[in-house]
Each structure stands twice: as structure tokens, then as C-alpha cells.
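Undergrad: Which chain is which? The protein sequence lines are H and D, in order.
Counting in this note's numbering, the first sequence runs from 170 upward without gaps.
Counting in this note's numbering, the second sequence runs from 63 upward without gaps.
In case anyone wonders, no lab produced these hints; they're calculated from the structure.
Built from N, CA and C at the ideal position, the CB exists for glycine as well.
Check before you lean on any hint, since a few could be wrong.
[As the list claims (entries may be wrong)] Restricting the straight-line Cα-Cα distance to at most 20 Å, the calculated cross-link-like pairs of lysine-lysine (PhoX-like) are:
1) 414/D to 486/H
2) 401/D to 414/D
3) 87/D to 486/H
4) 471/D to 486/H
[As the list claims (entries may be wrong)] Over 10 Å on every C-beta distance to chain D, these chain H residues come out as not near it, computed from the model:
5) 482
6) 540
7) 574
[Stated by the list, open to error] Reference listing, derived: stretches of chain H covered by chain D, where coverage requires no fewer than 3 residues with Cβ under 8 Å from a Cβ of chain D:
8) 210 to 222
9) 252 to 260
10) 433 to 443
11) 598 to 607
Chain by chain, the residues run as shown.
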Amino acid sequence: MKKALSKSLALITVMTLGACGETAKDSVEISLPNKNPYPSTYQTPESPAFALIGANLLTGDGAELTNTDLLIENGKIVAMGPALELQPGTIQVDARGQWVTPGLIDVHSHMGVYPSPATSNHSDGNEMTSPVTAEVWAEHSVWPEDPQFEKALAGGVTTVQILPGSGNLIGGRGVTLKNIPSITVQGMKFPGAPYSLKMACGENPKRVYGRRNTLPSTRMGNMAGYRAAWIEASDYKKSWDDYVTDAQAGEDVDPPSRNLRLETLAGVLEGDIRIHNHCYKVDEMAQMIDMSKEFGYKIAAFHHAVEAYKAAPMLAKEGICGVMWADWWGFKQEAFDMVRENIALVDYAQACAVIHSDNPIQVQRLNQEMAKAMSAGNRMGLDISAAKAMRWGTYNAAMALGLEDQIGSLAVGKNADIVLWTKHPLSIYSLAQKVWIDGNLRFDRFDKSVQPTSDFNLGIISAGEARP
Amino acid sequence: MNKLSVFIILLFAYLSASASSILIKGADIYSTTGLLPKSNIYIENGIITAIGRSTPMSADMEVDGSGMSITAGLFNSSTHIGTVEVSAISPTVDFYSDNEAVTAALRIADAFNPRSTLIPHYRVHGLTHALLVPESGTNLFSGQVGLVQLGNQPKVIHNSLAVALDFTESGVELSGNSRAAALVQMRQALDDAKDFSRNRKAAMAGDHRDYVLSYADLAALESVVNGHKPLLVKTHRASDITTILALAKDFQLQLILSGAIEGWMVAEEIAKAGVPVIMDPIHNLPNSYESLGARLDNAKLLADAGVTLLFTGMGGSDTHNAYLVKQSAGNAVANGLSKSMAIAAMTSNPAKVFGASVSGDIAVDQTADLVLWGGDPLELTSEAQLVLINGEVIPMESRSFQLRDRYFKRLKKD
């Protein structure tokens, strides 16, 4: 090909197939947009092998194991069981009689994009200038020095999905971060984590744009807005598919013009980008599911799903996670039909139940949110163990993010994201004592040298001060 | 909770209608005199008549309280209960006004709706009393603070316990965005109220100088400047707290502080002035430049200095989930506050500070306002098993429970 290629397009050499299935000698160069132009720079720091000895585990995938050892090497859990035989010299952390869980995961956070202090200069979470802003990426708004991150870490949170706000029908890309101190967001990005796209049902987009007398001002306007976007995206995807087909056929074709907004939407249609859909009400969830079938994409999760208990059989059938609060309600009509048993009932219906915070206070105590949701379920006679409740903030959350093969449970081969608690993790009196991410100790309640604080806090917190 | 507890709850619903005497056996009772472990409590016609090991041995309704605990009913000291249904639907919101002509005279209790669909949701989770604090969109003075009881017949117990003033960043914004300007307005209002009090007749007859505030507002401030009614000031920054303490001293006001996120920095000053503090111990984020010093042991540090604490919470859910004041209290204990102090801050302390007809305690000869919890009172896994308000057992019914039961039935069929 003789055409000059844009620097933003990656060259892909494709061996075309001959008519008889043999590899043809001719090769064509197809230029496709780079899908990862802002790559993670995170690398697991090297750390010596160590073992947690004699811990009580809530494994995150539903089990409770007593008096169990965990061996961690190169950032991974490499062995797990009672009385492991350890190499001489392996560092041992005495966890006898203490409780250990996987690192907690918050699949709905605005840390960094709505940081503390909540001043307008850093209010970067909602690009409310057009109802469909699929072209914006939350990671480009994240302020890594947000002091909220370290507070979440002290609450045992090791992975967070940062989402744009819900003012738009399609608000932009979310990003999954490791909750580690870094001067850049790239340094926090979870390597290889799938991108997400934030969509919003209901009151927020129609309120924001209705006030401006532009579409959408109604729920039917919401639907028309999403569908118009998916139609455009389908055409856009086809233009690239056609380009690839033609180029492979040896035709001398130019790549289509890039469109950032449609590129993200096409990424959803291709199955690369996961839909995280703010959607409170069961009737709207059903519409969103039909729409996903109309355009051929999959919804990963409904967030703030206050009515997930009404939708539970639908969620189970479609394999969509319900992402819920334990008890928030009443701030809007769409949040009025709250039941504290929501998470328990979604779980009862064998759908994927996930707890989330959406809030910098709640993210610090996801374990308490699990306790409340478990207790509400048990009050109505459902028999929910602590081990099961722990799934909602660990393994199930990892499933919502598409990362369940790496995080979300204590199992051999998984990332060593681990929390050692001062008491039973579902007790109100319990605090995260030590937090490891990829086998590296990132927080220690009783060692000030392992209590990271952001640049912002210097001069506010005096040197050496531990401020809970 | 096990199936037995579910059975117990159903049993309560059945018995409570007819029970004139209630015996709870073997529960840990948290009273202001201390913890009474594994004790019995006997309630006759709504009055606690005996507490201890040797209470009467039978009653119309008997409950095995072993492994459970009893506290006074929870009291949240900063809410909008009964003055909002859905926050985003402004016709349902009465705690907030942007009427420039109404400031201190506004009585939030006038708008209290005892039939609010939210009230049953609070009481089934152990909240029995709440302070109603108004908010203003135009003035530093937002109005008069009310007290409500959330029993079977919810009612206003007091319609003017204090006058509320907002000296946070959002209050200051209403004064032209300068703390200094806000202070001019405050002093002027207080001076005017004093002047009005001395010259009431002449002023009302139109035979006196003009005031910035209306006569109604000045009349509402009269008992504040005369020291009979507290001024309740919401403020967070340590230096702002100091400023307000000095203002209260100058004008010889009774003062209650609210918010006080940086209170720990000036805890000794607050204690020395004998000023109680309404606070939510959950705040530990530098969420604004007035709360850079936020920390989770604020409650502990204030209590250590001898400050009387009154809790609210949790976080932004202080109205729709006002019973979660218990979660805020539990977090304060996890961060160093004693359990008895934490319980007092949402039971007996507000009762004492506001001197209203709420005991906030578990004691003989008092009307029963109490909660039987499934375990440790602060654990989130300890559900309210039995709630008495004003001596009456309240039914374990709420809109939320009705929704739950309707959909659980459908899920079981699927």
C-alpha cells in the first residue's frame, strides 16, 4: 500500500488466504486504530516470598476455611492449605486466629474524577455537553493524588472501576485501577483489564437535557438517543469491517476516518468493551436488554439497581450482574422502591449480585455494606453465610469487571490481593490491618511507614502523623 | 438471624396488640448507669416497672432475650424526617426554603407529616426520635429546630428547641461568600433581636427604627439573645468554631455546635465552653477546605476532652436512612470511642441536652422507648427485634417490607 498512514493507526500485516486455503504469497497491510494508546505502566514490584500462617479465610468465592496457610510468590498465590511445607527462610506472617479475605473490589467509584476536596476545578466526572459522549475516557480525568484513594485502601479496597457520571445517556469509558499510589493514572491502570462504557437510564439524562430543551427530555427520548447512537456505531463498524475485507481482498482502499465517539461504541459491538449501565428500575432494565439484542451487544451489569430484586430472574437468565447498594434510597423517585434485602434476593435468584459504593465514604467500608445486606437477608429467613456475603464485594465484583480469572478470590494462581482484618470482616468493629496488592504490602494500620498519603495532604497532615 | 427469630417477630406482631405487660428475659441492657448483663426488664402499660434479675416472672408477652441487647430507642440529632418524601421531588421537600423573607421564624415542625411513608422504615430499625433541622437557600438563619417522636402516632414533641444557623461554606456563600460578611450579618441580627426585645411595643407600633429582619424573625431570635433557647450553629473549620464560640460568649448565648469536622483541633475550647456537639463521626475526607482536618477519631478526641456528643449520620443518608446513625456510632467505636459514649450520643445525650420529654435511658418508672437488638447493639448484623416507642410495641411493618414480601413470593414461584 502506498498510502501514508496516520500515526495513530497501527499496522497489522495480514496473510491473506488463497482460494484453496493455502497461504498466499501476497500480504497486505491493514491499518487499524491502536486499541491501547494509553497503556498501563504498572509493574508488580519484586518482593520476597512470604506466607500467611494459620488464617481464617473467607475466600471470596463462597468458602470459609479455618487455620489455613497462604504462600505468596511473585505477586501470586502459589499455595494454599493447612500446614503448608515452606522453604526454609520464607517470611512468615502470623495470622493465627485472624481473618483474611481477598482485596475488596468496588465496581462503581468516582474517585479521582470527583475527588476530595470536591471543588469545581477537579469536578471532572460528567461531560454534560452532549447526551452521547462515548468519546470521553474517565482515565483522562483521574487525579491520582485524590486523598480518597488512600482511605479506600485503608478499608481493604484493592481494585476500583472508575466510571464517568450518569448525566449522559452514554457517558464515556470507565477504567479499572489498582488502588496503589502513583503520580500518573497509567501507573494505576490494571494491565489488560477490559474497558467499560458507562450508560445511564432514567431520570438523570432526561433531567439534564430536558432542562435545555434538547433530546432527551423523556424516557422515550432516552431510548431514541441510545438507539440513534447504536445505529451510527453499527454503520461505523461496518465501514471498518468492509475496509478490512476489501484490503484483504487486495483492493487499494483507504481506512475510514476515525471517529472517537463511534470507535468506543463499535468496541462494544465487537465485544471488547463492557457495558456498565446505571439503571434503577426493572422496566427500564428490560428495555435495555431488548436494545442490547437489537444491536448485538452484551450488558455486563446494571448499576444502582435498586429494583434488581424485581428483575432477578431476568438478570439470572441474561447473565447480567446486579450492582447494588445495601440500603440507599429515596433521593429520586427511581430509587424509591428500595428493599434492604435487594442483594440477598438477587443472590437467592442465582443472579450475579455485586455490592458497590458510588461514594467515598461507603468505599471505605464495603465490608459493612455486605454485613447489612447479609443481615437483611437473614432476617427474612434466607440462610446467608459470611462466606457467601463476601462474594458480593470480591468474586462477583471481579466477574462484573471481567477479571475473575485474576482477582476476587483466594485461590492458587490468583493475584495476591489480600486483606488481613483486625476482627471478623463483617463486624462493625473490624478494620483492615494489612493490605497486599500483588503480594506487596501497601497498607499497614500499625506501621506508619506503610500508610501512603497523597501530595495533597502534606502540610495538612504533619510528618509521621497517622490520621484515620 | 435464624428461623426462630423470624418466628419471634411474627409472634410479637400477634401478641403486641393485646399485651399490657411485657417481660424480656436475659438481655444485656445498656442504661446510663452502665451495662446490666443478662437482665430482665418488665414493662407494664408502657412503663418500665422493674429491671434486674428478680423481676416478675410472667407477663402477657414474654421474650427470651438471651444473646440479645437492649438500648434506649435511637435518637438522630440532625434529620429532615417527615419533611421530605423524595429528595428530587421538590413539592415533597419542606425542610428547605429559599424564601428570602423568612429566616429564623421558619418552624420546620409546622411542616412535619406524621403520615410520611418513610416513618415506618425508621422505627422498624430502631429509630424512635429525631431532631428536625431546617435549611435555607437564602439566609444564614434557617429556622427553628423541632423534635419528633416516631411511634404509632408520630408527633411533634417540641416545635422550637433551638434556632439554626449555617456557618459552613454553603451558609457563608449566602452571605456574599465571605466569612467576615457573614459575621457582620450575624451580629447585626443578634443586636437587632436584642433591640427588638427591649423595644418590642414601640417596634410593633411602627414607632422605632427599621430592622433588616422581619418582626417575626426577630421574635424568633428573642429567646436566643435572651439566653433561653440555644443557637444551633453548623460549622466545620477549627477557626470557624473558635469564632462562633467567641460570638456566643460576646452575646451570652446558649450554643450547640453541629458538624464540627475539625472539632478535635479545638476540643479543649469546646469543652471549656460547655458546648455540646452534634456530629457524624463517619467523616474523614478533606471534602472541602473547611474540613481538611477530617478524621475518623474526631468523636473520640472530642469525648476525651469532655465534650458532650450527639450523633447523626450516616453520611448523606441522614434522613432516608436516619437509623444508620447506629453505623456511624459503630465506626466511632471502631476508632476509639467507648461503646457507652457512642450509645449515649444517640440516646441519653440528646435527651439531656434538649431537656424534652424523652428519657433516652432504660430506667424504672420511665415510659418505654427501647429497642431489643438481635446481638451487640452496634453490630450491623443485629437487627431490631422489638421496638417500643412511647410505651407501645410498634408493628414490624413498612412499605419496604411489603415490597420485599411481594417479590419474594414471586421469586419462590419461579
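Undergrad: Please go over all the hints and tell whether each is borne out by the structure.
TA: Now the hints, each set against the structure:
The hinted pair formed by residue 414/D and residue 486/H fails the criterion: a straight-line CA distance of about 55 Å is larger than 20 Å. The suggested pairing of residue 401/D with residue 414/D holds, with an alpha-carbon distance near 18 Å, which does not exceed 20 Å. Proposed proximity of residue 87/D and residue 486/H is contradicted: the alpha carbons are some 48 Å apart, above 20 Å. At roughly 19 Å between alpha-carbon atoms, residue 471/D and residue 486/H fall within 20 Å of each other, so this suggested pair holds.
At the 10 Å boundary, the C-beta of residue 482/H falls inside the reach of chain D, the nearest C-beta of that chain being 5 Å off. For residue 540/H, the shortest C-beta to C-beta distance to chain D comes to about 4 Å, within the 10 Å cut-off, and the non-interface label is violated. The Cβ of residue 574/H lies farther than 10 Å from every Cβ of chain D, with a closest approach of about 30 Å, so its non-interface assignment holds. Given as covered by chain D, the stretch 210 to 222 of chain H fails the check, having 0 residues with a CB less than 8 Å from a CB of that chain where 3 are the minimum.
Three residues within the 8 Å Cβ limit are the bar, and the stretch 252 to 260 of chain H against chain D gives 0, so the coverage statement is violated. Residue count for the stretch 433 to 443 of chain H with a Cβ under 8 Å from a Cβ of chain D: 0. That is fewer than the three needed, and the coverage hint is violated. For a cut-off of 8 Å, the count of residues in the stretch 598 to 607 of chain H with a CB near a CB of chain D stands at 3, and the three-residue condition holds.
Consistency note: the structure conflicts with the earlier hints numbered 1, 3, 5, 6, 8, 9 and 10.
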